[in-house]
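*Asks:* These are the residues of each chain, in order.
Number of protein chains: 2
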Amino acid sequence: MKTFIPGRILPLFILISCSQPPEVAPEVPEIKLVSTFDVALDRDTQSKLESQFDAFLNPQNLDDWMKHMSSKPHHVGSPWSKQNAEFIAEKFEQWGFQTEIETFEVLMPFPKIRKLELVAPDQISLELKEPTLAEDATSGIRENLLPGFNAFSADGNVTAELVYVNYGIPGDYEELARMGIEVKGKIVLARYGGSWRGIKPKVAYEHGAIGCIIFSDPKDDGYGRGDVYPKGPFRMDQGVQRGSVLDMPMYPGDPLTPGYGAKKDVKRLAIADAPTIMKIPVLPISYGDALPLLKALEGPVAPVKWRGGLPVTYHIGPGPAKVHLQLEFDWELRTAYNPVAKLKGSIYPDEWIMRGNHHDGWAQGASDPLSGMVSLMEEARAIGELVKTGWRPKRTLVYAGWDAEEPALLGSTEWVEYHRDEIQGKMVVYINTDGTGVGFLGVGGSHSLEKLVNEVSSDVQDPVQDVTLQERVRARLRVNGNRDAEREDLRIYPMGSGSDYTAFIHHAGVPALNLGFGGESSGGSYHSIFDSYDHYKRFNDGDYAYGTTLAKVNGRLVLRLSEADILPFRFVNMAENIGTFIESNKKLAESVTKKTEKRNKLLDQNAFTIAGNPKKTYLPPKRLSDVQDFDFSPLEAAHKRLEASAWNYEKALAGIKKRVLTAEKKIEVNQLLREVEQSMTRAEGLPRRDWFKNMIYAPGFYTGYGVKTLPGIREGLEERNWDETHFYIIEVAKALDRASGKINSAANILKAN
Amino acid sequence: MKTFIPGRILPLFILISCSQPPEVAPEVPEIKLVSTFDVALDRDTQSKLESQFDAFLNPQNLDDWMKHMSSKPHHVGSPWSKQNAEFIAEKFEQWGFQTEIETFEVLMPFPKIRKLELVAPDQISLELKEPTLAEDATSGIRENLLPGFNAFSADGNVTAELVYVNYGIPGDYEELARMGIEVKGKIVLARYGGSWRGIKPKVAYEHGAIGCIIFSDPKDDGYGRGDVYPKGPFRMDQGVQRGSVLDMPMYPGDPLTPGYGAKKDVKRLAIADAPTIMKIPVLPISYGDALPLLKALEGPVAPVKWRGGLPVTYHIGPGPAKVHLQLEFDWELRTAYNPVAKLKGSIYPDEWIMRGNHHDGWAQGASDPLSGMVSLMEEARAIGELVKTGWRPKRTLVYAGWDAEEPALLGSTEWVEYHRDEIQGKMVVYINTDGTGVGFLGVGGSHSLEKLVNEVSSDVQDPVQDVTLQERVRARLRVNGNRDAEREDLRIYPMGSGSDYTAFIHHAGVPALNLGFGGESSGGSYHSIFDSYDHYKRFNDGDYAYGTTLAKVNGRLVLRLSEADILPFRFVNMAENIGTFIESNKKLAESVTKKTEKRNKLLDQNAFTIAGNPKKTYLPPKRLSDVQDFDFSPLEAAHKRLEASAWNYEKALAGIKKRVLTAEKKIEVNQLLREVEQSMTRAEGLPRRDWFKNMIYAPGFYTGYGVKTLPGIREGLEERNWDETHFYIIEVAKALDRASGKINSAANILKAN
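Protein chains in written order, with my numbering: chain X, 1 to 753; chain S, 1001 to 1753.
It is possible that some hints are incorrect.
[Said to hold, decoys possible] Over the 12 Å line for every Cβ pair with chain X, so calculated as not near, a few chain S residues:
{"hint": "1", "residue": "N1144"}
{"hint": "2", "residue": "E1175"}
{"hint": "3", "residue": "R1268"}
{"hint": "4", "residue": "K1587"}
{"hint": "5", "residue": "L1624"}
{"hint": "6", "residue": "S1679"}
{"hint": "7", "residue": "E1684"}
{"hint": "8", "residue": "P1687"}
{"hint": "9", "residue": "F1727"}
[What the hints assert, rightly or not] Ranges between beta-carbon positions, derived for each pair:
{"hint": "10", "chain 1": "S", "residue 1": "L1619", "chain 2": "X", "residue 2": "P292", "range": "42 to 52 Å"}
{"hint": "11", "chain 1": "S", "residue 1": "V1464", "chain 2": "X", "residue 2": "E298", "range": "19 to 29 Å"}
{"hint": "12", "chain 1": "X", "residue 1": "E488", "chain 2": "S", "residue 2": "E1182", "range": "40 to 50 Å"}
{"hint": "13", "chain 1": "X", "residue 1": "K279", "chain 2": "S", "residue 2": "K1595", "range": "47 to 57 Å"}
{"hint": "14", "chain 1": "X", "residue 1": "K622", "chain 2": "S", "residue 2": "R1483", "range": "24 to 34 Å"}
{"hint": "15", "chain 1": "X", "residue 1": "K305", "chain 2": "S", "residue 2": "D1122", "range": "28 to 38 Å"}
{"hint": "16", "chain 1": "X", "residue 1": "P621", "chain 2": "S", "residue 2": "K1595", "range": "33 to 43 Å"}
{"hint": "17", "chain 1": "X", "residue 1": "Q424", "chain 2": "S", "residue 2": "K1615", "range": "43 to 53 Å"}
In case anyone wonders, no lab produced these hints; they're calculated from the structure.
By construction, the Cβ of each residue, glycine as well, lies at the ideal position given by its N, Cα and C atoms.
Next comes chain X alone, as it looks inside the complex:
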């Protein structure tokens, strides 16, 4: 599904200064971090390999495959999704990979009834239809097309007054409370944006709403951003954003098989007992359909920041607009087809480097996900070509095309859950891609891989500007005045959720990365029928220059991870990033305290009432409970130990001659290195969601895709559960100490040789 942030460009990786060891590790002498080439790879051999790899890449293949695979709707359960899975598997096989299509039987409800009408003050039945456009060859396809709907909405048949709730996130309900407006028994109208969509019905339900309508506002996602399709790339008035509303921040994947693979005969939860299925009916609509609803609302005028791009005054309601919303789904199990291809490693066959991209789309799905899928395929083909020359990877390479990502990351999650033990035993890294575009390389992931990413991004040229990918990103950071712009390594962003890396990094604790290009290919085709080949060719990476470059980047990552005798995990960058997470949590604690004191003082002064407009209802906010003092010192001490271990490892690494290490010792060191990420997980997981086990990163419980760093601590502060914050300060400290232990052990082996 990829992370869609209207009006925002992808977060991008930025610099940390690694040549200066942090002050907190005085026992470690200042040393220059060495490159992977100096300690683990032979530069000439590797460069030659990578040049050969590059030479095999051919953009025409991406175009051919894109055109073929996007020619029909290919959501999970559709005939074309199965066809695409078979097409991909066939190719992998043809390129020399040992391939199978692994299937899971997952719950995937298709809509049977979708009805939305305004019943007061006027009667208007909404169209809920995307049009056929002459300029878009596949827009007329209706066979096997899923119309605009939200996967895992509840069935429902409700009629109630409407309330406009802005983005429908928790802060919006605080504002509604101040306006004296409740949504209990009402249907809420929320606009897309401000959070992952599934948060909107979840929070609406928590506040007593009985239905939820989500519309694409033209300010965020329509003519307010640029010319609309087919004149330009942006969302036209009848374009609808499909998407899942399963409560994935609780657990993604099949809602009926939490924590285990959804194989045919396993025991399943009853649908009524599945906690992640939304409890109220939810429907996405276009801004064309939203207009009469907004026009019919009265009540207070929406606050300035709540106003969108439709040519009306946005009112809150409730009513007099009243709507009837009827939704019914078939609640069937459907087969997800995951083509998985392996190329066995010649030296370390039990160490796996995995690449993945989903192949299912909401409709034609050209940009999302096929743009990333065809890049992955070309990368795999070029690896296959290398094999034809006689080369074999030292480690086992695994390439996958995931099905059913869109409704709930189903294909990848079930695969990880089903193979968890083997994955945790063997997988070194999972590298994800998804829809990709034009512009700047964006990289998120485990910070132990930050240095490797930078080594690669400074070795690959931008296809348009005559600089490396890293230099291009750095130039933008400079122009934007980013304070990390002059750091040696560009920072990679910590990952929340929104694509298939989720189960790997958050559930299994496997180091993961997510990569793609963006920033110059914005548009409004996301999850609509207009995410088509025609749209992609005209407005996105039509010549596949960036798709091919992405293959160069991922190819290098795979080849260096595969060939390095000592895996290129590096912990100085990791420790520095974790230090920033601790710092930002401390700042959050301070700001929560300040906010609490400020608000309560204003209440004592009666300032809200005195400053209030007596003609408008705007109640003072609630008094806040006192914030406790938090002792971050155990965590800070653990962090110092982590920094020391990172520098200890660097010193050991710089000192070795790689050839004096025996194969057994290498395996032992590498085992320890890839266990570092896993050592920072906790079996009991996070509060209210034990599926999420990583103590360093998680998607936000109330943001959905957006990351929370040190989530146990942070969400305790945000949700004012002080006990959780106290508890997780200690738990994160323990996690860091476990990581330090692994790193020091690895260093000790290096030093002893």
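Position chain S against the provided structure of chain X, taking the given hints into account.
*Replies:* Showing chain S alone in chain X's frame:
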């Protein structure tokens, strides 16, 4: 015309801590500032007088006069403007004031031809008409109505491609340059906002444009803010904002008689030689009329911040939209009628306290200006009632109704120019009002009056909330987290331009104030035919609760200024405020330096090009000339002397018993006190505009209404004229030293007695 800032509430006065003397004046002991009552007024007598005054106030009068005076269009030159002037004069006379109507013959062009049509790609003639509404009794009047136009636009008959220039301020042209777009030979389309309207054609002309169209964007001034008229108070799709585009930041008033009164037989400039008349045709239009123009533009999509509330993608052009704009004016002299009423002072007849409000409006002008005018009238009537009880003011009170404020502050400016010598000899304070509304008291003016304003605002109750006016403003500052919220006195804002105080404070150097209520009465009737009695009654201060309260505030100011034996000018607040102006100019110098270094470094790094999207023209910005070092120390030293003099005066004031001072000494002290403001003027004025003589405040040369503090210094920095900044640092220091001299002289007289 009042300052109209769409989407913003009026600036409000905020606190300074006066109980703590600044560190820089160590020679002065810490003392508590005494109140005016303790040193210059008998509290019991004064309180009784003010209570009597309050008791005379009757909101019904405001309603009666408002209804009568707003019943027809009453711009300068209209029959009803003369009628209103006579009505006001009659009332003043009736209330015991010696009244005359003083006239000036001022240039005031009325439109003869107004034509605007899109000629390509389609042919559309625009309506340029405001509709008659059943809900608004005066909206159907067409007799003597001035249609939508900009006063002092040039005649013109031009056809050219259109370019959308956002607000049309200098920064917007920098952005256009980066997009590679020039306006030379084009007609620009600018939206209202971001500056005073006259800046838009002035800057367009400087860049070579041959015409300028200004529209009200619904985001800033229409349905984007709330329900439109007649359902709600905001601007409807055909509502037009009239207004002047005379280059008033150069000099306001009659363009043909700069610096002297426009009496009948004086020598006048030829129209062609008048530097303040706009050089290109300018026309304001509604957003209904702007829509087809914006729709017809192509070229780059406007930057995010340039996009308004119309349901189209905002493009820049140039073209293919091409427009034909034809404007012709009659360029006639018209008579401005200023009713001026005097009540002779019993003790100090040659010390004048003046009140003024304009009476001309663009059409029916209910809110702007009559809401303030009727409050002033009721205040004058209550003063008249006091006189009937046998009371006489100690000083001479002067009440004026200005004509022709809307086109160029004509009535007040010509009056000040004509009477300048007498004004400078006699006037103590000029207190201005203009359109006023509902909510929070806003006060701007000379900071020597800040303490007096706070004494008054903490003595008058808010008519709705059960707190004083000062407490209400303070509550809002608290809620907004303003750092001055807990200061003892609320700060008053420094004044730029936009109403009739301009000639007093900026040209004659008379201490001045400007007061009004706002913040809870926003709407979109400004300068349209819908600024009517009906609109005001429904959506503004319909019961005149705030209009009557404004009379209480101004009545107190007048009565305390009139009765105080020692005039209530206080200089500790003034010095503290000037200190903040110096500080902000120093910060500006730093930020100009930083911005210059940053930009030039980015150019050296080629960062703009590398980070740029190769598919879009977005050129690097221009390299900036090096910034010089500025030596603020002479100014800071002068400021320390000013602070010391202020504390010296406070000490002297606190020590005196007022009755030991002879009448002659009082006159001598008061003479010195009111000369302080004048001493901070400079005969040669500001660069490029010698009419503006105040060294502390001026309207911005490129903002129009918005104030520039220490304008010689600040605009030198903003316009990168370093020599000006060097020069005015010294000139402002001299001005402060002149003020210190006056203040110390006054203190010495007090001490000697």
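*Asks:* Each hint: holds or not?
*Replies:* Comparing the hints with the structure gives:
no.: 1; hint: N1144; in the structure: 33 Å, holds
no.: 2; hint: E1175; in the structure: 14 Å, holds
no.: 3; hint: R1268; in the structure: 48 Å, holds
no.: 4; hint: K1587; in the structure: 18 Å, holds
no.: 5; hint: L1624; in the structure: 15 Å, holds
no.: 6; hint: S1679; in the structure: 39 Å, holds
no.: 7; hint: E1684; in the structure: 40 Å, holds
no.: 8; hint: P1687; in the structure: 32 Å, holds
no.: 9; hint: F1727; in the structure: 33 Å, holds
no.: 10; hint: S:L1619 with X:P292: 42 to 52 Å; in the structure: 44 Å, holds
no.: 11; hint: S:V1464 with X:E298: 19 to 29 Å; in the structure: 25 Å, holds
no.: 12; hint: X:E488 with S:E1182: 40 to 50 Å; in the structure: 42 Å, holds
no.: 13; hint: X:K279 with S:K1595: 47 to 57 Å; in the structure: 53 Å, holds
no.: 14; hint: X:K622 with S:R1483: 24 to 34 Å; in the structure: 25 Å, holds
no.: 15; hint: X:K305 with S:D1122: 28 to 38 Å; in the structure: 36 Å, holds
no.: 16; hint: X:P621 with S:K1595: 33 to 43 Å; in the structure: 38 Å, holds
no.: 17; hint: X:Q424 with S:K1615: 43 to 53 Å; in the structure: 45 Å, holds
Of the hints listed earlier, there is not a single one the structure fails to meet.
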